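Heads up: the protein sequence lines correspond to chains A, B and C, in order. Residue numbering for the first sequence follows this note's numbering, beginning at 1 and increasing consecutively. Residue numbering for the second sequence follows this note's numbering, beginning at 152 and increasing consecutively. Residue numbering for the third sequence follows this note's numbering, beginning at 269 and increasing consecutively.
Since the hints were derived computationally from the structure, they do not count as laboratory data. Because the structure is a prediction, the values reported are computed rather than measured. In this text, a Cβ means the ideal position worked out from N, Cα and C, and glycines have one as well. Careful, some of the hints might be misleading.
To be verified - To be clear about the criterion: a stretch of chain B counts as covered by chain A if any three or more of its residues have a C-beta under 8 Å from a C-beta of chain A, and this derived list gives those stretches:
1. 163–172
2. 231–243
As the list claims (entries may be wrong) - To list a few chain A residues with every Cβ distance to chain B over 12 Å, as calculated:
3. Asn3
4. Leu6
5. Ala9
6. Ala12
7. Ala16
Unchecked claim - Just a few of them, taken from the derived set where beta-carbon distance is under 10 Å, the chain C residues facing chain B:
8. Gly288
9. Asp307
10. Tyr314
11. Phe403
12. Ser404
13. Leu414
14. Cys418
Below are the chains, spelled out letter by letter.
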Amino acid sequence: MKNEKLNQAYKAYVEARIPKTKPWPSLFNSFWVGGLICLLGQGINDLLLYVFPNMSQQSAWAWTLVALIFLASFLTAIGVYDKIGKFAGGGSIVPITGFSNSITSPAIEYKHEGIIYGTCVKMFTIAGPVIVTGIVSSVFVGIIYYIVGLI
Amino acid sequence: MEYLWVFLIGGAICMLGQILIITTKITSARILVLFVLIGVILQAFNIFDPISQFAQAGINVPIVGFGASLAKGAMSGVESRGLLGTLTGGLEATSAGIAAAVGFAFLFSLIFSSKTK
Amino acid sequence: MQTIELRNRPKIIGSYSIVGPKEGKGPFGKYFDYVMKDDRLGEKTYEQTECKMLELAITGAVQNAGLMINDINLLLAGDLLNQIISSSYAARAFNMPYLGLFGACSTMAESLAIGAILVNGKYFKNVACATGSHFSTAERQFRFPLELGCQRVPTSQWTVTGSGASIVSLDGDGPVISMVTFGKVIDLGINDINNMGAAMAPAAADTLSSHFEGTKTKPEDYDLILTGDLGKLGAEILVDLMEAKGFKLGKNYSDCGHSYFTRNQDTMCGGSGCGASATVLNSYVVKKMKQKIFKKVLFLPTGALMSTTANQQGETIPGVCHALVFEAEE
Chain A
1 MKNEKLNQAY KAYVEARIPK TKPWPSLFNS FWVGGLICLL GQGINDLLLY
51 VFPNMSQQSA WAWTLVALIF LASFLTAIGV YDKIGKFAGG GSIVPITGFS
101 NSITSPAIEY KHEGIIYGTC VKMFTIAGPV IVTGIVSSVF VGIIYYIVGL
151 I
Chain B
152 MEYLWVFLIG GAICMLGQIL IITTKITSAR ILVLFVLIGV ILQAFNIFDP
202 ISQFAQAGIN VPIVGFGASL AKGAMSGVES RGLLGTLTGG LEATSAGIAA
252 AVGFAFLFSL IFSSKTK
Chain C
269 MQTIELRNRP KIIGSYSIVG PKEGKGPFGK YFDYVMKDDR LGEKTYEQTE
319 CKMLELAITG AVQNAGLMIN DINLLLAGDL LNQIISSSYA ARAFNMPYLG
369 LFGACSTMAE SLAIGAILVN GKYFKNVACA TGSHFSTAER QFRFPLELGC
419 QRVPTSQWTV TGSGASIVSL DGDGPVISMV TFGKVIDLGI NDINNMGAAM
469 APAAADTLSS HFEGTKTKPE DYDLILTGDL GKLGAEILVD LMEAKGFKLG
519 KNYSDCGHSY FTRNQDTMCG GSGCGASATV LNSYVVKKMK QKIFKKVLFL
569 PTGALMSTTA NQQGETIPGV CHALVFEAEE
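Bound-form chain A, shown alone:
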């Protein structure tokens, strides 16, 4: 039994009924947690350059990302990152640490289905689309760049 008109009316009624939460606290939390994670990255980067003056800017940056990824992965494993995520929302999803969390959390969650079909397959349930769209779009950009270069 499907009645489009009735459904539309019901949907509109439900929308109006949904409790509205105040957006400001969550926006503020995402702002300062996100900012802090970026600040942490900058700190690691500057420290590396200070301790190893011969390190190239590029390597220092790569090490910084690896450090952040490790930290997020570890916090996910010990069950802390989801609590940060609950508090900060976008503040801990958008940084690279959120990417790391999205790979580690299913890897741990599905370990009981075995290493191959559990951990390895499910690892990319959330991060897979990120990597795929990133690669496809970057290849596309590269091709455009190549064609522009030819002209």
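Once you've looked at the hints, dock chains B and C against the given chain A.
For chains B and C alone, coordinates are given in the frame of chain A:
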């Protein structure tokens, strides 16, 4: 002063994600995809580097930086290896991040289990 | 006519409820028979825990009825997981005929209704009816990995870790199942899996109003009208929908999910899952009926009959609701 910019810009980008979550009920996978694409586009139009100059980690730590690295890699790949570079460049530039994320996830999955919520 | 009257008066002669630690801290905490210390019960996976909880609930209910496992002639059970594995795997442990049911979170009503009819017809002497759910298994099947850092939306509900079982028989003491109303599948086009209450409320309203019309009763005729897991939002919607149909639900209306957790337990719209209605019925409701505090209870758990596959393909969420009338023994 430099650190203030990092904090403000980084925080603002994350808050943009939160605004999307609140207004559109978007899931975290979609947020990550969207921000990677934003990074790719910023890099494609050469807008990313000028911002990165003063925002530094503020724009590189958010996943936007990951997208920009992919695009930047593909572009510099074209310069060094021609058409083949479009395929090799992007992953080359981001290999450390992807390998680290996958590697640590695998390692920790061997040791830890999901906790009681 | 959707309502059946059971003239031989089948009774719930035994009941048992087992819940997780978080559920034990909720308002119903003191009524549950067993509160687990952790949410694993020493099992390796959460699926095994859910299965184990069902086993314990069934065994507990049989003991509560003063019977032996061999006295049970039929087991009716179901749960939320794909291919209802928890129930079927739990049934391995018992040497009795088994029928697996799927009514999502309405399974407790479905199993009790079928059980009561079979007992009333004297086809079976003692029938065990059980269901259960586990937060961690439901979360991974329907939503995200546990450790993923994301926020819960305001309309979401918290799947209850818990399992409940009842023994239905003609001989013995306990609340009488006097009427059964089977519900239709209703879908008003809600497709948000984080808003189950809104998806199920129309089904509850449909079953409830046809029950009132079929039995010529009014909301005031019951000491308690208890829906399953509509949650805060769903319960509010049901009150509105019933008012539009000309029935005013008053103070005697309550929802298991809505009252399952306290406000500071951070569960947004409340509890959900098969376990919510099953554990409340088999602890709070049965105990209060034995004390004659409630004399006539209308129990109507709701179920959202969706799967993640159908939902990702853009399908909307169909809801179903079955009603049972319990009467305290005279």
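| query | Which earlier hints turn out false for this structure, listed by number in ascending order? | reply | Violated hints: none at all, because every hint is consistent with the structure.
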